[in-house]
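Protein chains in written order, with the working numbering: chain A, 56 to 459; chain B, 56 to 459.
FYI, nobody ran anything at the bench for these hints, they're computed from the structure.
A few of these clues could be false.
No copy is singled out in the list; a pair is fine if it fits within one copy or between any two copies.
Said to hold, decoys possible - Subject to a maximum C-alpha distance of 25 Å in a straight line, what follows is the list of computed DSS-like cross-link-like pairs (lysine-lysine):
| id | residue 1 | residue 2 |
| --- | --- | --- |
| 1 | Lys-419 | Lys-452 |
| 2 | Lys-418 | Lys-80 |
| 3 | Lys-395 | Lys-452 |
| 4 | Lys-80 | Lys-452 |
| 5 | Lys-389 | Lys-116 |
| 6 | Lys-310 | Lys-337 |
| 7 | Lys-344 | Lys-267 |
2 protein chains.
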Amino acid sequence: MKKIQGGVCAPLGYKANGVHCGIRKNKTKRDLSLIVSDVRAAAACVYTQNLVKGAPIVVTKRHVADGYAQAIVCNSGNANTCNADGEQIAEGMCDLVSRYASVASDDVIVASTGVIGQPLSLNPIEEGMPQLVGGLSDMGSNYAAQGIMTTDTVSKEIAYSFTLDGHECKIGAIGKGVGMINPNMATMLIFVTTDAAISPTMLQKALSADVKDSFNMVSVDGDTSTNDMVAVLANGLAGNTCISEVNKDYTVFRKALNKVTTWLCRQIAKDGEGATKLLECKVTGAKSKAVAKTVAKSVIKSSLFKAAMFGADANWGRVLCAIGYSGADVDVSKVRVDFKSKSGELAVCRNGSGIPFSEEEAKKVLSEDEIEVLIGLGDGNGKATAWGCDLTYDYVKINGDYRT
Amino acid sequence: MKKIQGGVCAPLGYKANGVHCGIRKNKTKRDLSLIVSDVRAAAACVYTQNLVKGAPIVVTKRHVADGYAQAIVCNSGNANTCNADGEQIAEGMCDLVSRYASVASDDVIVASTGVIGQPLSLNPIEEGMPQLVGGLSDMGSNYAAQGIMTTDTVSKEIAYSFTLDGHECKIGAIGKGVGMINPNMATMLIFVTTDAAISPTMLQKALSADVKDSFNMVSVDGDTSTNDMVAVLANGLAGNTCISEVNKDYTVFRKALNKVTTWLCRQIAKDGEGATKLLECKVTGAKSKAVAKTVAKSVIKSSLFKAAMFGADANWGRVLCAIGYSGADVDVSKVRVDFKSKSGELAVCRNGSGIPFSEEEAKKVLSEDEIEVLIGLGDGNGKATAWGCDLTYDYVKINGDYRT
Chain A
56 MKKIQGGVCA PLGYKANGVH CGIRKNKTKR DLSLIVSDVR AAAACVYTQN LVKGAPIVVT
116 KRHVADGYAQ AIVCNSGNAN TCNADGEQIA EGMCDLVSRY ASVASDDVIV ASTGVIGQPL
176 SLNPIEEGMP QLVGGLSDMG SNYAAQGIMT TDTVSKEIAY SFTLDGHECK IGAIGKGVGM
236 INPNMATMLI FVTTDAAISP TMLQKALSAD VKDSFNMVSV DGDTSTNDMV AVLANGLAGN
296 TCISEVNKDY TVFRKALNKV TTWLCRQIAK DGEGATKLLE CKVTGAKSKA VAKTVAKSVI
356 KSSLFKAAMF GADANWGRVL CAIGYSGADV DVSKVRVDFK SKSGELAVCR NGSGIPFSEE
416 EAKKVLSEDE IEVLIGLGDG NGKATAWGCD LTYDYVKING DYRT
Chain B
56 MKKIQGGVCA PLGYKANGVH CGIRKNKTKR DLSLIVSDVR AAAACVYTQN LVKGAPIVVT
116 KRHVADGYAQ AIVCNSGNAN TCNADGEQIA EGMCDLVSRY ASVASDDVIV ASTGVIGQPL
176 SLNPIEEGMP QLVGGLSDMG SNYAAQGIMT TDTVSKEIAY SFTLDGHECK IGAIGKGVGM
236 INPNMATMLI FVTTDAAISP TMLQKALSAD VKDSFNMVSV DGDTSTNDMV AVLANGLAGN
296 TCISEVNKDY TVFRKALNKV TTWLCRQIAK DGEGATKLLE CKVTGAKSKA VAKTVAKSVI
356 KSSLFKAAMF GADANWGRVL CAIGYSGADV DVSKVRVDFK SKSGELAVCR NGSGIPFSEE
416 EAKKVLSEDE IEVLIGLGDG NGKATAWGCD LTYDYVKING DYRT
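Given these sequences and hints, build the entire structure.
Shown next, in the form of structure tokens:
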């Protein structure tokens with residue numbers, strides 16, 4: 056498996072673009088993105104489990120019910136959620152793509168991200184559509200990645216090549232975070248493209264299995280968004296035998312998909328609103344995988360732990376505290392905790408009790424921008440990883456006045 | 056029911072004191088408190104549900120197993136949690152109280168609050184004991200309230216008088232917050248005294264019922280502490296007929312207890328670490344009380360909502376979002392939301408969608424230091440209130456380097 060350039064345009068037969076159409080006030084920020092496949096593609100999506108669902112989620116569910124799609128359109132700056140005319144507007148966005156890009160309206164996946172509860176007008180979208188479609192190119196992945204950003208500080212795109220029965224296949228993705236991030240069965244906005252041939256059923260199976268260990272294990276602020284969506288298009292242009300059952304090729308595809316999603320998880324956590332540090336919580340020795348996941352997610356979500364990491368303070372008691380209230384079946388007297396970064400590894404807790412450590416050494420380890428929290432439960436073989444970030448002044452600043 | 060002075064010393068037969076013994080470095084901060092009843096008292100406690108439990112919790116459970124206690128000792132500056140010798144130290148604290156205050160060691164309730172996982176020495180406690188016991192007085196409630204503070208900015212004490220079968224009874228309490236606050240079945244450190252006569256069984260019943268709607272509905276940061284404890288002593292000196300069944304007197308006692316606990320809930324939320332605002336989320340029209348509680352707690356815990364309130368930003372979409380991911384059975388299309396403070400009331404959402412409002416008016420309402428979020432679910436008669444606070448720069452500052 057090889058990392059390659061090109062993002063969502065790396066696989067054969069995909070074009071993309073992103074433009075500023077006027078939904079966002081700042082003219083230097085792209086706010087409308089489009090990804091189009093040359094041919095209809097197998098499509099799989101997972102969505103937020105929030106009862107309050109963005110109108111684009113409702114419309115997209117209808118459009119991919121048949122397992123196929125050809126385009127993904129997405130605006131930033133407005134979530135089109137909790138608006139009385141939301142579905143009508145989301146359908147309108149698909150109709151505009153259909154008209155300008157010659158794709159059936161019900162083959163369009165639509166997504167929106169931004170403020171909840173502010174009416175979204177079709178006018179700027181209609182005005183921007185000629186430029187958006189006219190500029191579609193197989194080099195356009197980064198523009199598309201920019202067009203879906205909200206409080207993200209960097210655009211996020213990734214691609215890998217891999218081999219299925221002798222055919223070179225590619226998989227690429229773009230994604231955005233970085234607030235209201237605590238996915239439940241789905242997450243954020245992630246658009247994945249591949250030229251591998253795989254049936255809609257197997258594509259959905261692969262995606263649903265993947266998100267449980269990837270995006271669902273990310274938390275920036277514990278808030279599950281109303282508009283989370285991961286969409287995958289597979290247009291089959293790589294020429295491999297179509298994957299239509301669980302076999303060796305399916306396993307290879309799962310691995311390729313997981314390479315892309317895990318990279319995005321780390322990127323989204325690292326770019327979490329206001330974050331200065333990526334926190335990676337690795338739990339081993341759990342009674343079961345479920346226990347490991349519950350513990351990892353509880354620690355990564357703790358405001359107190361996150362603030363301590365911002366201050367490079369080895370306050371491991373907060374890790375124990377978060378393990379204890381997680382609700383998971385844990386024998387506290389067996390717990391061990393270490394902090395690790397590229398500056399070293401520090402043992403702080405054994406058998407549920409503190410052990411002496413050098414505060415100077417701790418400061419050194421925790422001052423890096425990527426910190427691993429290693430938790431051993433000494434109770435079995437279950438393991439899991441969760442990703443998060445520190446809690447900083449800037450998180451408060453960004454969210455104290457988000458709408459202006 | 057009348058509000059009175061005196062805190063835990065307001066009821067007949069209680070003395071208290073708080074001193075600086077040296078657990079905390081800052082010599083101006085009291086760090087050791089004691090409350091003693093002239094006679095043995097019926098005792099009831101509720102404790103944290105965190106699997107990681109402070110050693111004092113374990114020891115206190117043993118000491119009140121018979122339903123009686125006579126004294127409460129508590130230190131701040133060190134939680135005596137995750138220490139290999141923790142129980143021995145906690146028993147040692149009780150022995151010291153026994154020796155100096157002539158109370159049986161197993162009639163002492165012991166509590167600790169502060170940093171987790173740092174060894175606690177008995178030396179300063181032994182050195183401070185003569186001064187602590189020597190200074191016990193029926194005017195000492197405020198010193199005791201000061202001695203249990205950690206990041207609290209104000210000490211918290213309250214008392215009420217009420218009447219049971221013609222006898223004037225009194226109930227008083229001291230409490231501390233204000234971080235690692237997301238109680239589960241118990242909370243923080245709250246010590247309540249009363250001179251009402253009530254059996255241990257009925258006292259425990261009253262306390263267990265009360266915390267479900269009082270302390271368990273408070274959240275400062277979503278972190279459930281390892282050392283939460285609410286303890287009530289009832290020494291019966293008021294002379295009323297002992298309450299030993301659910302009757303009219305029990306109902307009066309429950310009301311008096313709830314007056315005290317609700318006041319403390321509001322105080323603890325308002326003094327939440329770094330907080331500038333008390334947030335009170337009142338949910339009505341829910342399918343059941345359980346639904347109302349789940350919704351209220353979800354909103355009050357949302358980092359995004361808390362940060363918006365800090366910025367006086369009427370970003371009600373975050374309220375809808377938190378309702379949606381709460382897991383409660385809610386019909387989103389019926390939800391209404393209003394913000395209210397002493398500067399006015401503002402309608403922002405009807406039938407799950409936004410309605411126009413004046414941003415100027417919103418700023419005025421949300422700039423007050425006590426904000427009510429009124430949520431109507433239009434779906435039944437269930438209601439609940441939860442208390443919390445805004446998320447501020449100071450929360451991050453306080454917790455970025457708590458141990459130093």
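Hints, verified against the model:
When the C-alpha separation of Lys-419 and Lys-452 is checked against a cutoff of 25 Å, the pair qualifies only between copies, where the shortest distance is 20 Å, while the shortest distance within a copy is 27 Å. For the identical chains of this complex, Lys-418 and Lys-80 are inter-copy neighbours only, at 22 Å across copies versus 42 Å inside a copy, given an alpha-carbon limit of 25 Å. For a Cα distance limit of 25 Å, the shortest separation of Lys-395 from Lys-452 across copies, 23 Å, qualifies, whereas the shortest one inside one copy, 29 Å, does not. With identical chains, the CA atoms of Lys-80 and Lys-452 are at most 25 Å apart within one copy only, with a shortest distance of 20 Å there and 33 Å across copies.
In this homomeric assembly, Lys-389 and Lys-116 come within 25 Å of each other (Cα to Cα) only across copies, at 23 Å, whereas the closest approach inside a single copy is 46 Å. Taking CA atoms no more than 25 Å apart as the test, Lys-310 paired with Lys-337 passes inside one copy only; the shortest distance there is 20 Å, against 47 Å between copies. In this assembly of identical chains, Lys-344 and Lys-267 lie within 25 Å of each other by CA distance solely inside one copy; the values are 11 Å within and 32 Å between copies.
In terms of the numbered hints stated before, the structure departs from none.
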